[in-house]
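Here the protein sequences come in this chain order: A and B.
Under our numbering, the first residue of the first sequence carries the number 1, and numbering increases by one thereafter.
Under our numbering, the first residue of the second sequence carries the number 345, and numbering increases by one thereafter.
These are computed hints drawn from the structure, not numbers from a lab.
There could be a bad hint or two in this list.
As the list claims (entries may be wrong) - Selected chain A positions facing chain B (Cβ under 8 Å, derived; list incomplete):
#: 1; residue: G46
#: 2; residue: L79
#: 3; residue: L167
#: 4; residue: Q290
To be verified - Mimicking SDA-like on lysine to any residue, the simulated pairs with C-alpha atoms at most 20 Å apart in a straight line are:
#: 5; chain 1: A; residue 1: K185; chain 2: B; residue 2: Q605
#: 6; chain 1: A; residue 1: K185; chain 2: B; residue 2: L608
#: 7; chain 1: A; residue 1: K185; chain 2: B; residue 2: Q611
#: 8; chain 1: A; residue 1: K185; chain 2: B; residue 2: L616
Backbone N, C-alpha and C define an ideal beta-carbon position, used for all residues, glycine too.
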Amino acid sequence: MALVQQIQLQSGGSGVRGASARRIAGSPALRVVGRRLLSAIPVLIGVTLLTFAVMSVLPNDTAQAVLGLNASPAAVAALNRTLGLDQPFWERYWHWLVNVLHGNLGTSIQGQSVNHELAIHVPTTLLLLLYALVVSVLLAIIVATVAARRPNGILDRLSLVVSMLGLSTAPYVFAFLLIIVFAVKLAWFPVLSGPVTGPVSFFKNLTLPACAIGFGLFAIYTRLLRADLVEQMQREDYIVTAKAKGVPPWRVLIKHALRNSMFTLITVVGLNLGGLVGAAAIIETIFQVQGIGNDLLTGISNRDAPLVEGITLVFALVTVLGNLLADLAYAVLDPRIRYGSSTS
Amino acid sequence: MAAPLPDITLATPVPPPLPSLINARRLRSQRLGRALRLWVPVGVLILMLAMCFLLPLVVTLPSATAGNILYNNEPPFSPGHWLGTNVQGVDIFSQLVYGGQVAFEIGVAVTLIGIAIGGTLGVIAGYGSGWVDAVISRVLDILIAFPALVLALVIAEGLGPSEFHVILALSAFGIPAVGRITRGTTLTIRGLPYITAAELSGTRRWRITVRHILPNIVPALVTFLLLGIGVVIILEGALDFLGYGIQSPEPSWGNMIANGQQVLTAQPEYVLIPSLALLITVASLNMLGDALRERWGTQ
């Protein structure tokens with residue numbers, strides 16, 4: 001809201017504001033965003049409801065687990081009442097939903113506020129994922145462009161082999177390989193990651209986990225980008241035009257083909273975001289990164305329903321945002337689709 | 345990780361060059377390359393399957409669950425245990441063989457369940473009326489946005505670890521993914537002239553679905569099956585690894601890797617041997633999927 005007001009303030013006079021507001025409202029980007037956000041509501045409700053259901057299917061001995069085996073039945077019942085576990089399912093869900101809409105994610109079984117827990121651990125996971133994403137996307141762009149310059153050349157074949165390896169390697173296996181080589185043999189990085197406090201500790205602690213997550217991503221993105229580039233170079237009219245004008249080959253590849261392929265890449269990055277958090281959980285456990293993936297695992301083994309529900313909500317939000325990004329890149333930004341649809 | 349690759353990743357349709365520009369030698373080497381890309385992964389997979397399922401029937405292997413502690417930590421190529429033994433003295437090759445059985449069984453079962461349920465939902469959504477599509481698509485959206493790992497862990501935690509429960513848990517990954525792919529493919533096919541022709545000539549909808557739509561989504565589903573088995577084998581390993589899948593002493597590649605973790609620096613071969621088996625299997629599945637895609641021109 002504040003942002004919209006600021007834009008309106010900056011746009012000055014009321015007449016201008018009206019015109020620009022109409023233009024924004026009619027823009028396809030806004031329509032896609034609006035439709036996606038609307039359809040995100042049932043998805044988020046469904047996901048949280050599913051999490052709730054799944055967590056309450058677990059044998060419900062949370063209070064017993066917290067108090068120990070020797071606790072009296074009265075104490076167990078009292079704790080169940082405090083935790084709200086004695087209420088029926090729908091009531092509990094409604095109560096939780098109302099609290100979430102007020103920005104309160106509840107209290108974990110350990111007695112800490114879930115908001116607080118997430119505020120500490122979400123940034124670490126996001127930093128880790130961003131690190132992995134940025135590095136893998138940049139590398140993929142470089143490798144795919146070089147490979148697409150001469151399809152079936154030596155570099156192209158090499159890139160295909162490397163990306164096939166990346167696609168077929170389990171991230172946890174690759175993580176062990178990294179640990180053996182870079183943490184044990186070369187001792188450049190610690191085996192277990194400590195807390196991230198500044199840029200130095202960021203690189204020290206998150207480089208190996210980010211590589212473990214990023215290798216598979218790099219493979220996916222490279223294959224995708226290379227395929228898209230090669231296809232464009234062989235069949236698109238604008239490439240033929242550019243070549244016929246005498247534009248140098250590298251320039252055609254980068255200015256004309258790569259720019260379009262970026263949208264395909266963004267689409268896939270967006271669609272993959274949701275799966276990434278799952279990968280993060282495994283990698284975070286191996287390296288003991290204090291992120292929400294790690295929390296999720298401990299949360300489930302502790303039967304910590306509020307914590308698990310909070311984390312699932314974050315995951316679902318990331319997935320929904322990723323899908324939004326994919327839709328935007330595909331339907332609104334990609335000039336091939338944009339101009340293709342307006343002419344037909 | 346969980347979501348399988350979108351189809352755009354893999355296919356690079358190349359328009360065939362004019363016949364006059366092809367010389368015979370080049371054509372022959374291209375044909376050879378195509379054949380190799382298909383038959384090498386097929387051969388490797390047959391070898392792996394034979395090793396896992398036929399070999400134990402022919403040769404008596406040492407037990408994969410119990411070993412003699414007197415012969416523990418034997419190095420590879422030692423007598424009686426040609427890949428050596430682990431800390432408890434259990435033969436590593438036997439573990440590899442029986443773990444491989446588990447990996448293949450789970451991989452195939454999960455993908456088949458995914459194709460049966462997800463595929464049905466996808467076809468119904470893609471060829472159904474507006475609101476059916478809307479409902480099914482939303483359900484699939486929810487399943488995709490729901491971290492399947494949570495469901496997998498909760499199933500393992502609640503029902504106890506076993507092969508069947510792992511299959512159930514991993515189906516949560518498979519069903520929405522196949523559903524989305526099938527819906528997309530069905531939507532594309534639905535717009536093709538032969539479907540319109542069939543509709544105009546009064547063919548019933550279920551008959552169109554069975555006779556015209558299903559046969560045409562089979563190529564997409566088969567390539568997905570291959571890629572999917574690879575992804576599921578990796579995920580199964582991840583569950584074992586987290587301690588929520590197959591539990592040792594029951595052998596599986598995932599818990600071999602997890603157990604090897606404790607002696608990672610001293611004896612990296614405990615991690616490397618099952619990892620290599622995993623890599624070879626998944627890579628051949630992926631390569632076979634690619635080769636079939638190239639052959640069928642699936643998009």
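Can you give the numbers of the hints that this structure goes against, from lowest to highest?
Failing hints, ascending: 2, 4.
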